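Colleague: Each of the two chains sits in its own frame; use the hints to bring them together as a complex.
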Amino acid sequence: MFAPIVLLPLVAAILAIAIFKRPQAAKYLAIAGSMIGLVLTLAVGYGSASIPWFSVGHYTISLSIAVTPLNYLLLFIVMLMGLIVMIYSAGYMDTLSEHRRYYIEMLSFQAAMATFAISGSFITLFIAWEFLSLTSYLLIGFWHSKERANRAARKALTIIFIGDLALLASMVIFWNIFGTLSFVRIIASVSSHVSADLTAGILLLLLAIFTKSAQFPFHEWLIDAMEGPTPVSAYLHSSTMVKAGVFAAILLYPLFSSAGLSDIMLVFGVVTAIISTLAASREYHVKRVIAYSTIQELSIMLVAVASGAIIAAIYFFFAQSFYKALLFFTSGVEMKSTDNEYLNEISGLRENKLVYLSTMFGVVSLAGFIPFSGFFANEGISISLLPNLAVYAVMSGISLLTSFYIFRWVSYGAKRSKNAYVSGNYRGQPKSMVYPMVLLAALTLASSAFVIYIGSFLNYGGYLAYLDIPGSLPSGIADGIVFLVLISIGAVLGYEVYYKNRIKMSADRLDPIIYTNPIINWAYLAVAAITYAAAEGISAFDAYLGDLFDRIGRVTVRSGYLVRRASVGDINTYAAMFIIGILALFAIFYYLVIL
Amino acid sequence: MIAALGYIYSLFALSAIMIIGNLAIRIAGGKRLQFAFNLILPVLLLVNMGIIYAFGISGLFFGAFTINPFSLLFSGLFTLGLLTVTLIAFGYSDEYQDFAVIIAFALIGMYAVSMSSSLITIFLGLELSSIPMVFAVLLSRRGIEAAAKLFIMSSIAISVLSFAIVLLYGSSNSLALTSYPHSAVVAFAALLFIAALGFEASIFPFNVLIPDVYTGSSAYITGMLGGINKKVGFVALMQVLILVFITDSKLFLIVAALSVLTMFYGNIVALMQRNTKRMLAYSSISQAGYILIGIATATAAGIAASIFQIFSHMFIFIGMLGVVALLESRNRNGIDELIGLNGENRFAAFAMALFMLSLIGLPLTTGFVGKFLIFLSAVNSGLLWLAIIGILNSIISVLYYARAIMAMYTGKAGGNPIIMGKPLLAALILCVAVTIVFGIYPQPIIGLANSAAGYLISV
Numbered sequence: 000m001f002a003p004i005v006l007l008p009l010v011a012a013i014l015a016i017a018i019f020k021r022p023q024a025a026k027y028l029a030i031a032g033s034m035i036g037l038v039l040t041l042a043v044g045y046g047s048a049s050i051p052w053f054s055v056g057h058y059t060i061s062l063s064i065a066v067t068p069l070n071y072l073l074l075f076i077v078m079l080m081g082l083i084v085m086i087y088s089a090g091y092m093d094t095l096s097e098h099r100r101y102y103i104e105m106l107s108f109q110a111a112m113a114t115f116a117i118s119g120s121f122i123t124l125f126i127a128w129e130f131l132s133l134t135s136y137l138l139i140g141f142w143h144s145k146e147r148a149n150r151a152a153r154k155a156l157t158i159i160f161i162g163d164l165a166l167l168a169s170m171v172i173f174w175n176i177f178g179t180l181s182f183v184r185i186i187a188s189v190s191s192h193v194s195a196d197l198t199a200g201i202l203l204l205l206l207a208i209f210t211k212s213a214q215f216p217f218h219e220w221l222i223d224a225m226e227g228p229t230p231v232s233a234y235l236h237s238s239t240m241v242k243a244g245v246f247a248a249i250l251l252y253p254l255f256s257s258a259g260l261s262d263i264m265l266v267f268g269v270v271t272a273i274i275s276t277l278a279a280s281r282e283y284h285v286k287r288v289i290a291y292s293t294i295q296e297l298s299i300m301l302v303a304v305a306s307g308a309i310i311a312a313i314y315f316f317f318a319q320s321f322y323k324a325l326l327f328f329t330s331g332v333e334m335k336s337t338d339n340e341y342l343n344e345i346s347g348l349r350e351n352k353l354v355y356l357s358t359m360f361g362v363v364s365l366a367g368f369i370p371f372s373g374f375f376a377n378e379g380i381s382i383s384l385l386p387n388l389a390v391y392a393v394m395s396g397i398s399l400l401t402s403f404y405i406f407r408w409v410s411y412g413a414k415r416s417k418n419a420y421v422s423g424n425y426r427g428q429p430k431s432m433v434y435p436m437v438l439l440a441a442l443t444l445a446s447s448a449f450v451i452y453i454g455s456f457l458n459y460g461g462y463l464a465y466l467d468i469p470g471s472l473p474s475g476i477a478d479g480i481v482f483l484v485l486i487s488i489g490a491v492l493g494y495e496v497y498y499k500n501r502i503k504m505s506a507d508r509l510d511p512i513i514y515t516n517p518i519i520n521w522a523y524l525a526v527a528a529i530t531y532a533a534a535e536g537i538s539a540f541d542a543y544l545g546d547l548f549d550r551i552g553r554v555t556v557r558s559g560y561l562v563r564r565a566s567v568g569d570i571n572t573y574a575a576m577f578i579i580g581i582l583a584l585f586a587i588f589y590y591l592v593i594l
Numbered sequence: 000m001i002a003a004l005g006y007i008y009s010l011f012a013l014s015a016i017m018i019i020g021n022l023a024i025r026i027a028g029g030k031r032l033q034f035a036f037n038l039i040l041p042v043l044l045l046v047n048m049g050i051i052y053a054f055g056i057s058g059l060f061f062g063a064f065t066i067n068p069f070s071l072l073f074s075g076l077f078t079l080g081l082l083t084v085t086l087i088a089f090g091y092s093d094e095y096q097d098f099a100v101i102i103a104f105a106l107i108g109m110y111a112v113s114m115s116s117s118l119i120t121i122f123l124g125l126e127l128s129s130i131p132m133v134f135a136v137l138l139s140r141r142g143i144e145a146a147a148k149l150f151i152m153s154s155i156a157i158s159v160l161s162f163a164i165v166l167l168y169g170s171s172n173s174l175a176l177t178s179y180p181h182s183a184v185v186a187f188a189a190l191l192f193i194a195a196l197g198f199e200a201s202i203f204p205f206n207v208l209i210p211d212v213y214t215g216s217s218a219y220i221t222g223m224l225g226g227i228n229k230k231v232g233f234v235a236l237m238q239v240l241i242l243v244f245i246t247d248s249k250l251f252l253i254v255a256a257l258s259v260l261t262m263f264y265g266n267i268v269a270l271m272q273r274n275t276k277r278m279l280a281y282s283s284i285s286q287a288g289y290i291l292i293g294i295a296t297a298t299a300a301g302i303a304a305s306i307f308q309i310f311s312h313m314f315i316f317i318g319m320l321g322v323v324a325l326l327e328s329r330n331r332n333g334i335d336e337l338i339g340l341n342g343e344n345r346f347a348a349f350a351m352a353l354f355m356l357s358l359i360g361l362p363l364t365t366g367f368v369g370k371f372l373i374f375l376s377a378v379n380s381g382l383l384w385l386a387i388i389g390i391l392n393s394i395i396s397v398l399y400y401a402r403a404i405m406a407m408y409t410g411k412a413g414g415n416p417i418i419m420g421k422p423l424l425a426a427l428i429l430c431v432a433v434t435i436v437f438g439i440y441p442q443p444i445i446g447l448a449n450s451a452a453g454y455l456i457s458v
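Line order of the protein sequences matches chains A and B.
If you read the first sequence in numbering that gives the first Met the number 0, its first letter stands for residue 0, the second for the next number, and so on.
If you read the second sequence in numbering that gives the first Met the number 0, its first letter stands for residue 0, the second for the next number, and so on.
Derived from the structure by calculation, the hints contain no laboratory data.
Note that this is a predicted model, so its numbers are computed, not measured.
It is possible that part of the hints are untrue.
No more than 30 Å apart at the CA atoms, straight line, and that leaves these computed lysine-lysine pairs for DSSO-like [as the list claims (entries may be wrong)]:
1. A:Lys145 / A:Lys352
2. A:Lys20 / B:Lys421
3. A:Lys335 / A:Lys414
4. A:Lys414 / A:Lys430
5. A:Lys20 / A:Lys430
6. B:Lys411 / A:Lys335
7. A:Lys154 / A:Lys335
8. A:Lys335 / A:Lys352
9. A:Lys145 / B:Lys421
10. A:Lys352 / A:Lys499
11. B:Lys411 / A:Lys154
12. A:Lys430 / A:Lys335
Chain B with its partners taken away, still in its complex shape (with noise of 0.2 Å):
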């Protein structure tokens, strides 16, 4: 027991590292220590947390903090996303040092998230990880608008956040995340808390604002909402959802009209999109749907199904908005700024094509397990009807994916040849590798994620 505090101990001391060396090295150092720093420091964390998960400690430290295989896969999960952002990011050299200050702050409130104990570290841990990221958006100049906007949303949704938990404390005079005595004024909190949460994780109706605040924002910030913070919002509904309203069935029918509501939203869409990052942005709405689908299952194979696909969907975002980041550089970020992609950079073709093929659902890929996994917990919870919706939705999908990949492959650009930088091609390179060997051989991630949905439903 010592030596397992040894270890919780090393891994919050690290955070603390991680914070307060970005803030050194960007007062007095350059920006390839920062980004070298920001490369070192995640790995001693993940390594970190794999001998916490090898040792199989777990428990409740400091009052506040569980350490599960839940919480470890998770955190470990927005570290590793973390460090390809950081890769993509040091493309943009005038904003990266400030970028890698704000989201020191953010990787803690998100470890926070992970790791709750009780609704006010969620709360917490919410506010630290999406406030970071309203400076985040901030940082290019035209970010002006979609930062206020974001801010505006996020302190609403905040503010409804802080009134379910209220509620619930005045029912029982308890934050624990445990079930409480069927009222109505804990139903009442119920729905405040999917309103609130929805609006982190990109649920329609609460999400309206999204499209705006991803094409305001640098292409790296945009995959860091996307592919990260949304995901953070997940991880919170799901600790809710499942840990303190699990007996309520009727709720998770509203999380299923949730799921077909979002996915058809995001789908039917972006469809109408010409901007490429408007178009993705509607899509990660639509895979919000799709996961939202495992959540409203409510056993553990189906939270199981929606873990792999929040894994799934940050690599393949991320890696899509690392593409969009190249096009970037280049100034291209207007309408059609796909077409002809493939004349200008093949690999970065490859891998968009790749990710949207994934995302429609290309076997051998991680976007086909999830889909898979996902219907098949569906229908063994007798979801059919709601299975059936989402493959009715990849149908739309495939419409507009189709069209972006045709441009690329066919259509007549510039045509001269964009060159990639070293870590933005390692980022892709990763997230291509992610995509294709979990999808070939994804037992280790299902695996991880029964592990964790287990430890979640059992509790």
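Excised from the complex, chain A in its bound form (with noise of 0.2 Å):
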């Protein structure tokens, strides 16, 4: 079992660029080290492994990795898309200064999210779990002379500790339970241990998913983590760790659905849909758009998994890392381009043809549209919804919507910018931007032929049976017709809106629904208020004890210095609450024993 193999050059890569000080070298030992690294994950084969990392009585917690074709999926796609994303950085990051520390932290997070796609226990989960948090936390900071950065990254760090310490929770019951904490040993005797506590496990479970993979009510880190650089957000927040969540959801299918907890899982990523895609249709800024869209697309995985649109699940989780990431590399373009982050100041896109056409091709897959992979994947998810009506009209709406929010916000770009030094800029993008944009676009294309192959790839072994999921991703000709003509309205109403300007329509009509932020925003104080009036409370509870026993003691203590002066400083306070706690101690043991 050679899996781990991959980190090697990774953290080579890391020790090296620390070692040789010179920023100039880094991005290179970067790409250096992915490329070896994705050419070694090309050897990896399938299995298991795992060594005994410490006992304690006659428990022994092991390390376990394991290579299923879903963990090799992520795989490929961490190893893939950080090689792509370190050319593409190589363009992007023009601070020579930060260049070390830059990469040394992407190197780290892709190394983590490697150990993630590979582990094959939830301790192994774990640790590469909350590393993917720190490293995270990191370089959404990564601009940490800018407040807002600090800010978002504080904001991302505690919503993503307490997910962290909701697994950690949900690991230990499921150790009580099951009373080891390997996914295959768990799965396999899941249906014999349905309990209350098995369900406060994976309602836990669900609440790091969602913190994790940005659902509602903790969707807004995800949003402020545009604050750090236009990489990151195309790596990290778009086609590999956000999707974490989706993934330890997809891993562990069989524990979700035989505790009947697919609805919660349904109801929460309906109503991250809506909010997520009405949000898109009426944000300004560049990079936010797509992370809404990321936001919505999570959710629409999580529907389909909830639904057992698995196949269908893991085609769109493949399939949307290709055309996400590029669109985010179009909004870098843009912004570096025009200096601005604002879809009404960064036209002029249309200067640069092969950046332009490379980002149609991420549209319109993004949309649906036959024959991209964007079509396959949401067709899927689309007619398994079929027997739940209410919910497939819903998601048929926000599919309508997607499509216009999309082509809205390329229709922005699109325009012919009137500013002369903008249109250089446009057309002077630096080689390493612009191609693995092309490389992305064909991928996109190309990934679509995946569709083919996906059920034989994934039952490789039987692990279809394992999971307990058909093994077909379904498709209808009626319902592919009704999408694409849903998706054409969409994309036409948003070229009409916003590009040639020829239908009126105030978007400020949907502001009081979409405006959902604040409220949430506001819900994230009221939950911090909490927890602080409780500490403030106690507190100035302390203080109060204080006080009412420094007057005592001044009444009763008058005798010598030392003493009067420790009086003045609460000394009886503590005798008092020494006793206090004898008495209570008492109270208790009488109540438990004597009565």
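Modeller: Put into structure tokens, the structure is as follows:
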């Protein structure tokens, strides 16, 4: 079992960058490390292994890795996207003095993500999960002289760490129920362990998944995370890390289905999808539109998992990586060329034909047009939702809006720029930024061919039977046509309103529905306020007690400087607490033993 | 057996040399000599203990001291901790020599507690290890108030402890660390033990003076108090609770309740602190709550987990206070002193961040292994609710640790680099290395903890 070998070049690159203090060398070392990592990934075979980490009593905690088809798929995405993003970064990151820090953090993230991809038990998953949180925090706050970046990083860290501890709690509960943390063994015996405890454990796991994959009500951090550098958004916040939650949901699908908790996933998925789609249609920040779109796609994946459309979810999971990263790359080009971050100031994209064409591949695929990968993914999910007509109707509406907002987004960029300087900027983008985009556009198209093989690919070694899911991607002509009609309407609408300006539509009318964000922000504040109020209350109580005993103290203790000085600082409180503590112990003991 | 006795004798001889030598050098020698002496002798002591452990020598010696894996582990651990504190203390040049003499006495007290075979040895050992700390706190000029408080509260705790011992003796004419026939008097004594030792181990509500004492004394003294002295309290608590009261399952329910109170108190009040030392003081109280979870399980696995957590927190806490000592050397001891530390000393900021992340439970550090073992042992003993409350508390602690880490890395401070003395640097490197190395490869420590716990619970 040689899967961890892919980590070696990454670690080597980190060490090399740390040792050679020349910032110019950092990007080459990073690209070399990623490239060797990708080559080694191709040589990785299926299997599993575990080594004992530590044992206590007669229990042994092992570090387990497993490479199933699903694991391999994620590992491949991580390594491939890693290389592409490193190359793009070489052109994008122009602050030379920060190069070493940037590439060390990126490579650390890649290593953590690769470890996550091949984890075979909760313990390995948790370790990788924590390091994902940490590296993500570092990368979101990368521009740490920007106050907003710091706040965003802290928000992300707090929310994600709470999710991490929820994962730890669910892990402890699973250990209690199953006596093991290995995925294979848990899934094998899940049906005989259905209990209230298991439900609690799975709910906590869902909480962790929701925080990591930015689902309502935890989705705000991903929007704030756009303060990080654009390659970071493309890598962490679209194609890899945020999908960790969805990946865990698929990997442990039998757990959810056996406990009958799929409905919760479905409800939260649909709510998130509605919120994020509406927000994406209204947002003016270049990257945030794509971030909302990422949240929406993650929620669609969860809806698909909850409805049992696992193959479609996995295919979406795979295909989405390429065009979503591509659109982030486009945002990067737009922001760098115009020095602006808002949609109505970034026109001129068509000056660079290669970039523009690649972007259109991404846009069309995200909207879901045939024959791009987005079509097969969306169509596969859409048809699986048919039995549940209400959800199907909502998700169809969302498909229409998706196509609308992405054409809105690209329309702003595609307009002619009146500024010759900006046009020049667009044309003069470095090759290291343009070619990765072309490659991603090609992958967006090519990955649609994978739809034919995905069933047999995943079914290697009876993997689908193990996950207890049907082995093919559903499709239907009628449904496909309905879907295409819907997204065409959305696309035409977006084009007519925002590019040709032939239809006047005031988006402000949607505001009351869409502006859910302040409410969500307010809810966060409320939670924080409650925590702090409790603490404030205890501290006030503490001060009050001190004051009370202080007054008693001043009356009774007047002998000796030392003692008097001490009495000013609440020594009476402490003694009183001690006595009260003993009395309380007696009371409890009396209650427990004698009554 | 003769050879065995030889090693035991040499251990006692070295302990005596530790005290006499320190006294002599304080009178006649210089600071550097004292420092060198206090680096070499602990190493010799450690080697001696290692030999005793390797030969598997155990038993009762001189009618008062038991040598077994448990006592050796803790004697060694406290020696190692003291060595680390010595490295930090050397930076406080005008206090250092007095400190060296004081801790020599305290160390012997710690050995007595670890190796105690009877209640009276525990009593004497606790006295000997805690009373010198009153003087240690007095070393810094602003420590008078803190020292007075510590003295008064220690006296109360000690008197309660002696009362508890008297009750046991009165009911059965024995001072041995074995279980006593069940009676109301014994139960009464048990509660008094929990209160008195709870003070020594910083358990709520017997600990409320701790933040005052921690802020009132120099950073290295605080490190010594929180990192080592409070752990001595835990050693005494473990011995008494397990060896004497193991059959009383309701008592362990009370211990579980106390651990919940201690965690919540420490974490919630820590949220409100802006002074770093106070925040660390409250966070160390919450850590005491975690350690108590393992004891509350009353199983070998739980005790082993607690021992690992004691080991982990000892080095983390001393390391944290080492960083605070660095700030104190620049007279930065007020509100929010951590702000912008990264701009002034990168290694100090890294070490502090690592320690805090470890306390939150970052994998591949000792903090994670300790917490994980503790929660696991709680779950395996049917205390799932206690484990969940522990995790809930970790969530609360994220808030204030994250705030501190952010302050170090993003805040703006003077920006002038702070130079770290070599001994302090060595201490920090040691603590960081322990935190990472035994976080990645914890088996050696877990093995020691297992054998120690097995000895305690199967006696």
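Colleague: Could you run down the list of hints and mark each one as holding or not?
Modeller: To see whether the hints hold, each was checked on the structure:
| no. | hint | verdict |
| --- | --- | --- |
| 1 | A:Lys145 / A:Lys352 | violated, 34 Å |
| 2 | A:Lys20 / B:Lys421 | holds, 24 Å |
| 3 | A:Lys335 / A:Lys414 | holds, 17 Å |
| 4 | A:Lys414 / A:Lys430 | holds, 23 Å |
| 5 | A:Lys20 / A:Lys430 | holds, 26 Å |
| 6 | B:Lys411 / A:Lys335 | holds, 29 Å |
| 7 | A:Lys154 / A:Lys335 | holds, 26 Å |
| 8 | A:Lys335 / A:Lys352 | holds, 17 Å |
| 9 | A:Lys145 / B:Lys421 | violated, 35 Å |
| 10 | A:Lys352 / A:Lys499 | holds, 20 Å |
| 11 | B:Lys411 / A:Lys154 | holds, 20 Å |
| 12 | A:Lys430 / A:Lys335 | holds, 14 Å |
Violated hints, listed in ascending order, are 1 and 9; each of the other numbered hints is respected by the structure.
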